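**Q** The numbering of the sequence shown is my numbering, which starts it at 6 and goes up by one.
Hints are computed from structural coordinates only; laboratory data are not their basis. These numbers come from a predicted model, not from an experiment. Don't take each hint at face value.
Cross-link-like lysine to aspartate or glutamate pairs, in silico, DMTMM-like; alpha carbons within 20 Å at most [said to hold, decoys possible]: (1) K42 / D23; (2) K169 / D32; (3) K169 / D23; (4) K42 / E165; (5) K70 / E54; (6) K70 / D136.
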Amino acid sequence: MASTQSAPRATVPATTIDAGVISARLDRLPPTRSVWKLVALLSLGFFFELYDLLYSGYVAPGLVKGGILSATTRGLFGTTGVASFIAALFAGLFIGTIACGFLADRFGRRAVFTWSLLWYTAANVVMAFQDTAGGLNFWRFVVGLGLGVEMVTIGTYLSELVPKQIR
6 MASTQSAPRA TVPATTIDAG VISARLDRLP PTRSVWKLVA LLSLGFFFEL YDLLYSGYVA
66 PGLVKGGILS ATTRGLFGTT GVASFIAALF AGLFIGTIAC GFLADRFGRR AVFTWSLLWY
126 TAANVVMAFQ DTAGGLNFWR FVVGLGLGVE MVTIGTYLSE LVPKQIR
């Protein structure tokens with residue numbers, strides 16, 4: 006019977022590196038052209054996020070004039086008024102930030118930021134073709150979900166990406 010024993014191997018002790026050492030090394034790196042490019046692209050994404058948050062007040066009068074929404078509603082929770090259009094966005098933001106914020110830790114900030122940007126862009130395109138208050142509010146809620154995920158991802162991503170001396 007042949008022996009199944011293998012020859013002893015030389016072992017090299019593994020070195021452990023503290024996370025603080027890695028973080029300090031990353032902070033000492035100079036900003037490069039690719040870092041500035043990423044910062045510019047992320048800032049552009051953040052600009053469109055803020056634009057999307059703030060245009061509700063400017064779009065609402067046109068939606069009222071077009072007959073899709075009404076200026077006021079009869080009841081407290083009416084879904085045909087401007088307030089429901091704005092509330093749908095903030096409900097989506099709330100759920101997106103609370104329920105989906107962990108996704109960036111699990112799948113990576115870049116991937117989650119990219120998907121959230123695509124998510125709310127696609128939802129905005131679909132929302133643009135709605136002609137009822139219910140459809141408009143539903144898709145505004147979906148936009149809010151994507152914006153909420155982006156909102157919690159972008160600040161952390163920028164702070165991790167930019168070297169300490171220029172933060």
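**Q** K70 and E54: Cα distance at most 20 Å?
**A** violated, 26 Å
**Q** Take the C-alpha atoms of K70 and D136, compute the straight-line distance between them, and say whether it is at most 20 Å.
**A** Distance of about 13 Å is within 20 Å: holds.
**Q** Quick one, are K42 and E165 close enough, alpha carbons at most 20 Å?
**A** holds, 15 Å
**Q** Are K169 and D32 close enough, with their CA atoms no more than 20 Å apart?
**A** holds, 5 Å
**Q** Keeping to a limit of 20 Å between CA atoms, is the pair of K42 and D23 held or broken?
**A** This hinted pair is violated, its Cα atoms lying about 29 Å apart.
**Q** Are K169 and D23 close enough, with their CA atoms no more than 20 Å apart?
**A** holds, 18 Å
Of the numbered hints listed earlier, those contradicted by the structure are 1, 5.
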